[in-house]
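Spelled out from the first residue to the last, the chains are:
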Amino acid sequence: NAGVMQNPRHLVRRRGQEARLRCSPMKGHSHVYWYRQLPEEGLKFMVYLQKENIIDESGMPKERFSAEFPKEGPSILRIQQVVRGDSAAYFCASSRPGTGLNEQFFGPGTRLTVL
Amino acid sequence: GQSLEQPSEVTAVEGAIVQINCTYQTSGFYGLSWYQQHDGGAPTFLSYNALDGLEETGRFSSFLSRSDSYGYLLLQELQMKDSASYFCAVRDYNQGGKLIFGQGTELSVKP
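Chains as they are written, first to last, in this note's numbering: chain A, 2 to 116; chain B, 3 to 113.
It should be emphasised that the hints constitute simulated quantities derived from the structure, not laboratory data. One or more hints might be untrue.
[Claimed, not checked] Example chain A residues on the side facing chain B (calculated, C-beta under 10 Å, incomplete):
#  : residue
1  : M27
2  : E41
3  : E42
4  : V48
5  : D57
6  : S59
7  : G60
8  : F66
9  : I77
10 : A90
11 : Q105
Fair warning: this is a prediction, and the values are worked out from it, not measured in the lab. A virtual CB, placed ideally from N, CA and C, is assigned to each residue, including glycine.
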């Protein structure tokens with residue numbers, strides 16, 4: 002049973018370009034979360050999605066950032082017109098519904114570097 | 003809003019016992035979780051407490067006191083491989099499934 006998969010593992014973009022980060026949850030998991038982590042800091046919640054629905058996007062900047070979890074395929078976190086401050090590790094996590102919400106399984110992360 | 007406080011770093015020796023404390027403030031507390039992260043890799047789930055008391059899983063135990071808004075992670079028989087960052091995180095029933103993480107405690111285990 003494969004774990005949470007994220008790709009790419011490392012992504013380099015120049016300022017103004019778009020970054021697209023993908024996350025495939027564990028089999029049977031219908032809840033996906035995206036977190037951002039700066040060096041030496043904790044994980045900051047960005048967005049919580051279920052299939053075809055954004056449940057909570059309170060942690061996501063209003064501009065340039067968007068997320069989706071389509072009926073088929075991985076969840077996508079999209080950052081448009083990236084700036085240097087977007088450089089961070091972006092982690093995706095998934096969980097089962099109900100009591101499964103108490104345990105989130107994390108992917109290996111995507112390290113975004115903006116030049 | 004929510005906030006969590008935990009020590010930024012702790013040092014201990016192999017074979018010892020170490021306790022990492024976490025205090026939290028949240029409007030609708032649902033449960034306290036602990037995660038381990040090695041060298042910026044994928045955080046891994048260690049434990050979850052929704053009720054007061056101690057939960058034991060092998061060398062790791064986690065404690066919760068809801069009345070004190072306080073919990074701790076207890077690591078026994080420390081091994082070098084336990085050197086990592088440890089994060090407490092709260093679930094708030096007003097916030098659905100998302101987790102709010104503390105800043106993390108860097109544990110260094112010395113020989």
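Comparing the hints with the structure gives:
Annotation: M27(A) was flagged as interfacial toward chain B, and the flag is violated, the nearest CB pair being 12 Å apart, outside 10 Å. A distance limit of 10 Å between C-beta atoms decides the matter here; for E41(A) the minimum to chain B is near 8 Å, and the interface restraint holds. For E42(A), the interface hint holds, since its Cβ comes within 10 Å of a Cβ in chain B; the closest pair sits about 6 Å apart. The beta carbon of V48(A) is positioned within 10 Å of a beta carbon in chain B (closest approach about 9 Å), and the interface hint is therefore held.
Restraint check, D57(A) versus chain B: the minimum CB separation of about 6 Å is within 10 Å; hint holds. Interface hint at S59(A): satisfied, since its Cβ lies 8 Å from the closest Cβ of chain B, which is below the 10 Å cut-off. Interface hint at G60(A): satisfied, since its Cβ lies 8 Å from the closest Cβ of chain B, which is below the 10 Å cut-off. Because the smallest distance between the Cβ of F66(A) and any Cβ of chain B comes to about 16 Å, over 10 Å, the interface hint for this residue is violated.
With 10 Å as the threshold, the beta carbon of I77(A) stays out of range of chain B, its nearest partner Cβ sitting at about 19 Å, so the hint is violated. Taken as an interface hint, A90(A) checks out: its beta carbon lies about 6 Å from the nearest beta carbon of chain B, inside 10 Å. For Q105(A), the interface hint holds, the least distance from its beta-carbon to any beta-carbon of chain B being 6 Å, beneath 10 Å.
The structure does not agree with the numbered hints 1, 8 and 9 stated previously, though it agrees with the rest.
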